[in-house]
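We have chain A already, so just place chain B with the ligands on it with the hints.
Chains as they are written, first to last, in numbering that gives the first Met the number 0: chain A, 0 to 655; chain B, 0 to 181.
Each hint should be verified, as a subset may be incorrect.
[Claimed, not checked] Derived list of chain B stretches under chain A, where covered just means 3 residues or more per stretch with a C-beta under 8 Å from a C-beta of chain A:
| # | segment |
| --- | --- |
| 1 | 48-56 |
| 2 | 69-83 |
| 3 | 91-102 |
[Said to hold, decoys possible] Computed list of lysine-lysine pairs in DSBU-like fashion (alpha-carbon distance at most 35 Å, straight line):
| # | chain 1 | residue 1 | chain 2 | residue 2 |
| --- | --- | --- | --- | --- |
| 4 | B | 166 | A | 358 |
| 5 | B | 167 | A | 188 |
| 6 | A | 256 | A | 266 |
No lab work stands behind these hints, which were simulated from the structure alone. Glycine included, every Cβ here is placed at the ideal spot set by N, Cα and C.
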Amino acid sequence: MAEYAIGIDLGTSNSCVAILRDGKIEVLPNTYGDHITASVVSFRENGEILVGNAAKANIIHDPKHTISSSKRLIGRYFFSDEVKKAQAIYSYRIVEGENHGIRIQVRNELYALPEISAMILREMKAIAEANLGQEVRKAVITVPAYFNDNQRQATKDAGRIAGLEVLRILNEPTAAAVAYGFGKGLSQKLAIYDLGGGTFDVSILEIGDDVFEVLSTCGDTFLGGDDFDDRIIDLLADEFLAAEGVNIRSDRYAFEKLKLAAENVKKTLSAQQSAEVRIPDIIDGPDGLPRSLQRVITRDTFASLTQDLVQRTFKVCDEALQQANLIAREIDGVILVGGPTRLPLIRDAVGAYFQKTPKTDVDPDEVVAMGAAIHAASFVAVQAPAPTKASATAGATQSAASASAPAPPPSAFLLDVTPLSLRIGVAGGFAETIIDRNTPVPIEQSRKFGTFQDNQESVKIRVYQGESRTATENEPLGEFEFSGFKRARRGEVEIEVKFEIDSDGIVNVSASEPETGKVASMQIRLSSGLSDDEISNIIAEDRTSRVKTTQATPRPGETRTSAPSASSRPAAPSAAESYPGHSDDLDLGADDLAQEIVLLDSEPTLDLESSSSDGLDIVDGDLPSDLPDLEMDSGTESEEEDLFAPVGTDLSKGRP
Amino acid sequence: MAAIATGEIKALATIIGDLNYYEVLSIAPSADANQIKNAYYEASRKYRPISYLAADAATRLALEEISKRVTEAYTVLRNGRRREAYDELLKSGDQVRMQLVDAQAAAGKKASEEREGKTPNGKRYYALCKADLQRQDYEAALRNLKTALTFEPTNASFKEQIEELKKKVAATKPKVHGYEIR
Ligand SMILES: Nc1ncnc2c1ncn2[C@@H]1O[C@H](COP(=O)(O)OP(=O)(O)O)[C@@H](O)[C@H]1O
Ligand SMILES: [Mg+2]
Numbered sequence: 000m001a002e003y004a005i006g007i008d009l010g011t012s013n014s015c016v017a018i019l020r021d022g023k024i025e026v027l028p029n030t031y032g033d034h035i036t037a038s039v040v041s042f043r044e045n046g047e048i049l050v051g052n053a054a055k056a057n058i059i060h061d062p063k064h065t066i067s068s069s070k071r072l073i074g075r076y077f078f079s080d081e082v083k084k085a086q087a088i089y090s091y092r093i094v095e096g097e098n099h100g101i102r103i104q105v106r107n108e109l110y111a112l113p114e115i116s117a118m119i120l121r122e123m124k125a126i127a128e129a130n131l132g133q134e135v136r137k138a139v140i141t142v143p144a145y146f147n148d149n150q151r152q153a154t155k156d157a158g159r160i161a162g163l164e165v166l167r168i169l170n171e172p173t174a175a176a177v178a179y180g181f182g183k184g185l186s187q188k189l190a191i192y193d194l195g196g197g198t199f200d201v202s203i204l205e206i207g208d209d210v211f212e213v214l215s216t217c218g219d220t221f222l223g224g225d226d227f228d229d230r231i232i233d234l235l236a237d238e239f240l241a242a243e244g245v246n247i248r249s250d251r252y253a254f255e256k257l258k259l260a261a262e263n264v265k266k267t268l269s270a271q272q273s274a275e276v277r278i279p280d281i282i283d284g285p286d287g288l289p290r291s292l293q294r295v296i297t298r299d300t301f302a303s304l305t306q307d308l309v310q311r312t313f314k315v316c317d318e319a320l321q322q323a324n325l326i327a328r329e330i331d332g333v334i335l336v337g338g339p340t341r342l343p344l345i346r347d348a349v350g351a352y353f354q355k356t357p358k359t360d361v362d363p364d365e366v367v368a369m370g371a372a373i374h375a376a377s378f379v380a381v382q383a384p385a386p387t388k389a390s391a392t393a394g395a396t397q398s399a400a401s402a403s404a405p406a407p408p409p410s411a412f413l414l415d416v417t418p419l420s421l422r423i424g425v426a427g428g429f430a431e432t433i434i435d436r437n438t439p440v441p442i443e444q445s446r447k448f449g450t451f452q453d454n455q456e457s458v459k460i461r462v463y464q465g466e467s468r469t470a471t472e473n474e475p476l477g478e479f480e481f482s483g484f485k486r487a488r489r490g491e492v493e494i495e496v497k498f499e500i501d502s503d504g505i506v507n508v509s510a511s512e513p514e515t516g517k518v519a520s521m522q523i524r525l526s527s528g529l530s531d532d533e534i535s536n537i538i539a540e541d542r543t544s545r546v547k548t549t550q551a552t553p554r555p556g557e558t559r560t561s562a563p564s565a566s567s568r569p570a571a572p573s574a575a576e577s578y579p580g581h582s583d584d585l586d587l588g589a590d591d592l593a594q595e596i597v598l599l600d601s602e603p604t605l606d607l608e609s610s611s612s613d614g615l616d617i618v619d620g621d622l623p624s625d626l627p628d629l630e631m632d633s634g635t636e637s638e639e640e641d642l643f644a645p646v647g648t649d650l651s652k653g654r655p
Numbered sequence: 000m001a002a003i004a005t006g007e008i009k010a011l012a013t014i015i016g017d018l019n020y021y022e023v024l025s026i027a028p029s030a031d032a033n034q035i036k037n038a039y040y041e042a043s044r045k046y047r048p049i050s051y052l053a054a055d056a057a058t059r060l061a062l063e064e065i066s067k068r069v070t071e072a073y074t075v076l077r078n079g080r081r082r083e084a085y086d087e088l089l090k091s092g093d094q095v096r097m098q099l100v101d102a103q104a105a106a107g108k109k110a111s112e113e114r115e116g117k118t119p120n121g122k123r124y125y126a127l128c129k130a131d132l133q134r135q136d137y138e139a140a141l142r143n144l145k146t147a148l149t150f151e152p153t154n155a156s157f158k159e160q161i162e163e164l165k166k167k168v169a170a171t172k173p174k175v176h177g178y179e180i181r
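The following block holds chain A by itself, in its conformation from the complex (with noise of 0.2 Å):
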């Protein structure tokens, strides 16, 4: 039996899954015959967790438990801006897990990200398994381009805990490029173009027969067909309340109703010149009286409402291009990604913008998880002939043969780049940039730093992701001390720290001192997320098991229990102390100077945000050394801790 490996196209909104079969892309239906698959998960009473359809049609009823958009959680820390706009937004429980993380809470248990994603992967799997009838253990799972390390990290752990090899993660435009330019010998510029449900990307490639380069990808990961469905419930919500005298924003129930038909008159749009709300009986009006809510909406007055939001995934396009060192004109052609871009307002606008019809032959829904296959079979071809255990007598002679020439791999060859620049944490609450966003991976670069004391003892390496050369406007991925080296005046100890981006985006740092030849390494782990520890149990309390999927085929292997097994894990914490105390052992960026570094080798860095990854346009008054800067002051010290104050305290100071 052949073995298989399927492309993931993990959606904040939807989820797709697809495999290449014989030479041929198959995108895998559910048992409902759908292509993509919701990516909900809803928590029902009786310990029965659902995940698609059955899952998405509880939002309305048990809305505390059912979990949608999770991924625009996974990774993120608690004091994220994320969060608060989820917790205004989402009816569920999110609240504070160990080093800043961020759990879910249904009843009395707590969920990390990871494993609500794990959910909805292994109901991917599920359907792929029961469309292939044999199971399936490895996937390329994709990632918007924009996501950092902390949550391509997340994600690959939600993998391993739905039980799969993540074979790679890949970038969400790369596979829709692979997908659309795969075997095709083309020699193109490309633009893709992404909108989903929550998010916006820009990636530009460029294919060369079976090369495919990424020049440069941006995005903005606010800015998505939600918020056109917002600008309908607030057109339909001012004119309710201004007419009856109700709003509807104040009812849980009424509101949920109203989401729901926006969101269907903006899907209407996309085929009809115009659509009509109507929910009878909505809410109560001041009298005490049922009142409905009935409204037409045209095309015109949708574009109207949006037209602001259309323009700003152009900002993005323009910094893309200008990444790309390319004008609108030089692109050959455009792949439309994601639910919103079958409106005809954004087709009709991208078009203009990039001076040439985006390409319609390609699903927006199912191009991502198309590529994502496509890549996912390059992996097991090679091995073809290698046997699973069970069939290890067939396979054995052929495997013999085939170990020591490998075959030629019918490959695309994927040359991505790092979407954010890579920093590390100076003296001064600077992050200084080692490799610049944009850059092509793997790389690796070193730079030398040195003591900011006298005698100083330790050093705090601290690395960031993000565009600022303030530290604490990054994103901090994490950090690790390194000690034990020779004690001497400020700046004499030369430390050199190594930073390695794999191809899957991952980083790598290590620090080490050239005079001993002292190495201290560690591959940088998500400071918000699971432990490898936290990992195994959740693996070991397999509580992804209960996941009752409505797929035909069970999976080898599982035992299937309907009722919540007894949880080994500690019970929620009650309303009242609904942030659990935090380890203390990553305090994210609070200046100890006792453990600071200063860049030591060559010129003070230049700020190189404006600068296209071409280096055109660098600003050239900027120039002077950053040194004297780096006099602390007390002040800034005590507002850096200010910033990284935890748990439970206002969290609108906690972070701009």
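The following block gives chain B with the ligands in isolation, referenced to the frame of chain A:
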């Protein structure tokens, strides 16, 4: 493309740190932008670990090492100014690697030097161009900048600014659509 013997891969990985970027990409120091890109693609086909899934861990590590150097070489050489800075580094000593931030900083410096012109005449016409810009006379500015370029034909900054100006001129030219004339 044929797979390369694992022995060869490991050997390359051990010496790749001593190779300059042209050697890493197997191109001549005179290679043009197209040749650099093609060499990068070729090297990627040759050394990306995905071509060697059956290989042992040591080989895969070696491939990763090579891939990282290939990317680094490409990132420096694909940009004219970074490449110039790198060529100077090569000439000046025994260094074969250049950290990307250094390459970028050097390139930035070059750009600002070039911006205002390097020869007396280049500088003179650039100054005239700037004065034109102040008056928002883009066509005159373009003419003066083009003249400046004749004195410094290799000045990449002048070329870029000319392109920018051309766009400006085109954008500010009134469109002659009959119905638009009031
Ligand atoms: N036919 C349609 N017309 C307009 N918008 C649509 C249509 N179908 C889905 N959408 C919107 O697409 C968004 C989800 O897009 P999707 O690409 O699945 O997102 P993600 O990649 O974030 O999961 C939602 O906002 C949904 O309302
Ligand atoms: Mg998507």
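Tell me whether the statement that chain A covers the segment 91-102 of chain B is true, taking a Cβ distance below 8 Å and needing three residues at minimum.
Contact hint for the segment 91-102 of chain B vs chain A: holds, 4 residues under 8 Å.
Taking 8 Å as the C-beta cutoff, is the stated coverage of the segment 69-83 of chain B by chain A satisfied by three or more residues?
holds (count 8)
Would you say the segment 48-56 of chain B counts as covered by chain A, given the rule of at least 3 residues with C-beta under 8 Å?
holds (count 7)
Pair hint outcome, residue 166/B versus residue 358/A [Cα-Cα no greater than 35 Å]
Given pair residue 166/B, residue 358/A holds - Cα atoms ~28 Å apart, limit 35 Å.
Sort out whether residue 188/A lies within 35 Å of residue 167/B, counting only the CA atoms.
25 Å, holds
Given pair status - residue 266/A, residue 256/A, alpha carbons within 35 Å
15 Å, holds
Comparing the model with each earlier hint shows no violations; every hint is respected.
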